[in-house]
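There are 2 protein chains.
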Amino acid sequence: MTYCCALRLEQGMVFISDTRTNAGVDHISVFRKLYTFGIPGERVIVIQASGNLATTQAVIGHIKNQLELNQEPNILSLHTMFEVAELVGRTLKHVIESVTTDTMEQSNYYCSLLVGGQIAGQDMQLYHIYPQGNFICATSDTPYFQIGESKYGKPILDRALSYDMPLDEALRCSLISFASTLRSNVSVGMPLDVLVYHKDTFEIPVGKRIQEDDEYFTKISKQWSDTLKKGLQELPKPTLDYFQ
Amino acid sequence: MTYCCALRLEQGMVFISDTRTNAGVDHISVFRKLYTFGIPGERVIVIQASGNLATTQAVIGHIKNQLELNQEPNILSLHTMFEVAELVGRTLKHVIESVTTDTMEQSNYYCSLLVGGQIAGQDMQLYHIYPQGNFICATSDTPYFQIGESKYGKPILDRALSYDMPLDEALRCSLISFASTLRSNVSVGMPLDVLVYHKDTFEIPVGKRIQEDDEYFTKISKQWSDTLKKGLQELPKPTLDYFQ
Numbered sequence: 001m002t003y004c005c006a007l008r009l010e011q012g013m014v015f016i017s018d019t020r021t022n023a024g025v026d027h028i029s030v031f032r033k034l035y036t037f038g039i040p041g042e043r044v045i046v047i048q049a050s051g052n053l054a055t056t057q058a059v060i061g062h063i064k065n066q067l068e069l070n071q072e073p074n075i076l077s078l079h080t081m082f083e084v085a086e087l088v089g090r091t092l093k094h095v096i097e098s099v100t101t102d103t104m105e106q107s108n109y110y111c112s113l114l115v116g117g118q119i120a121g122q123d124m125q126l127y128h129i130y131p132q133g134n135f136i137c138a139t140s141d142t143p144y145f146q147i148g149e150s151k152y153g154k155p156i157l158d159r160a161l162s163y164d165m166p167l168d169e170a171l172r173c174s175l176i177s178f179a180s181t182l183r184s185n186v187s188v189g190m191p192l193d194v195l196v197y198h199k200d201t202f203e204i205p206v207g208k209r210i211q212e213d214d215e216y217f218t219k220i221s222k223q224w225s226d227t228l229k230k231g232l233q234e235l236p237k238p239t240l241d242y243f244q
Numbered sequence: 001m002t003y004c005c006a007l008r009l010e011q012g013m014v015f016i017s018d019t020r021t022n023a024g025v026d027h028i029s030v031f032r033k034l035y036t037f038g039i040p041g042e043r044v045i046v047i048q049a050s051g052n053l054a055t056t057q058a059v060i061g062h063i064k065n066q067l068e069l070n071q072e073p074n075i076l077s078l079h080t081m082f083e084v085a086e087l088v089g090r091t092l093k094h095v096i097e098s099v100t101t102d103t104m105e106q107s108n109y110y111c112s113l114l115v116g117g118q119i120a121g122q123d124m125q126l127y128h129i130y131p132q133g134n135f136i137c138a139t140s141d142t143p144y145f146q147i148g149e150s151k152y153g154k155p156i157l158d159r160a161l162s163y164d165m166p167l168d169e170a171l172r173c174s175l176i177s178f179a180s181t182l183r184s185n186v187s188v189g190m191p192l193d194v195l196v197y198h199k200d201t202f203e204i205p206v207g208k209r210i211q212e213d214d215e216y217f218t219k220i221s222k223q224w225s226d227t228l229k230k231g232l233q234e235l236p237k238p239t240l241d242y243f244q
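Protein chains in written order, with the UniProt record's numbering: chain A, 1 to 244; chain B, 1 to 244.
Be a bit skeptical, because a hint or two may be false.
As the list makes no split between identical chains, a pair holds if one copy fits it or if it spans any two.
[Stated by the list, open to error] Restricting the straight-line Cα-Cα distance to at most 27 Å, the calculated cross-link-like pairs of lysine-lysine (BS3-like) are: (1) K222 to K237; (2) K93 to K199; (3) K199 to K237; (4) K64 to K237.
Treat the hints as calculated values from the structure; they're not laboratory data.
Put together the whole structure using the sequences plus the hints.
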């Protein structure tokens, strides 16, 4: 399984992906699920993937192949993020259909993608692309998308995240969402890949890989556990009718 | 969908169930999913259910029917909680098989059950019973079980719950687990049914139904949101390498 989360906020975007893949419990590997494309000063595009690894790699493979062979249209020549989402969606649908045309069977090859970024002269966009190739777009009402094992880490995002939150606070919020998921589900695993994009900079972030022993991540995970335990103890005691 | 959670701790047991059932988004109803049986001074048995409502009601129907007709064995005559779990498991398996013998088709009629309680002279027990009729038993290492929409509310239990925690603190912890789930998933809904059993009392709890406007529950949900937001702000800022 996988957990990927992407935020599109007032000040920029945050992308975090885990790296664990598994086919049964015997085949556990580390694979990057976060890919960057772009032209410095002109466009930044980030793709995150959850689902069948062969499907994911085929989609990314086709996108890179188009670039290497200068085929048109490609992810760096399209005019808008909407067109980029359409291209990625068509590629995903095509890859799945090329494995099998049996629609029941296709679900074994499903993957979901998050595509986010910014092209010069336009606003940032974030899309959640379904295995059928269609997609939805993040808004200020719903400024984040998750794919994969999304449930464990959703409550903290629902309670604390907001569109106008400073980027570093949003980053902390989503790191805690990952810390909670890592603790409750073994199919999501370290290291994590993190990218932060500041609006209108058009700089392709290098990003950071958070390893098991990352000092900052370990520190906030520990502090968060303490916050929750202390917070629970500080809640008022249940009224007597709870014990009747 | 449903969310039920049960704890078996040093000092006693806590059971919480939501009451929302849905068949599609048009058929949303309130049904109790927490049932109590017992003989005051001798035994207390609690059953919680998640899954197909007809299956759930058939299982509870059979158990009550056995009692009304004084059929043996029944839930109040069996000698141990292990035997109670076996009876409930056999009943569940039988109900599902009576709908269809097609094993693929059977999954449409699945339900999962939690069965907990205490019989005089014995320790408290908590069982998680699967649709196949087999079951697992809670221990001091794993003192809680969840059925239904369990993922949203799992991180707080994993971080904060422990076997030797006082009952009222464990109750707060599981109420927060429900508050998080209610907020992130519309298929889990109020009111909630809560039962707290104090070890070796053999008193069948009346229990409490938490309605939408419950003062205590509203208060701790609000305080918990504030705790999380404040806790996030108090986390140290990410190091610069997170933004490269």
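Now the hints, each set against the structure:
1. Taking the closest pair of Cα atoms, K222 and K237 come within 27 Å of each other both inside a single copy (25 Å) and across two copies (15 Å).
2. For the identical chains of this complex, K93 and K199 are neighbours neither inside a copy (30 Å) nor across copies (57 Å), given an alpha-carbon limit of 27 Å.
3. Proximity of K199 and K237 under a CA criterion of 27 Å is satisfied inter-copy only: 20 Å between copies versus 45 Å inside one chain copy.
4. Taking the shortest alpha-carbon separations for K64 and K237, neither the intra-copy value of 58 Å nor the inter-copy value of 36 Å comes in at or below 27 Å.
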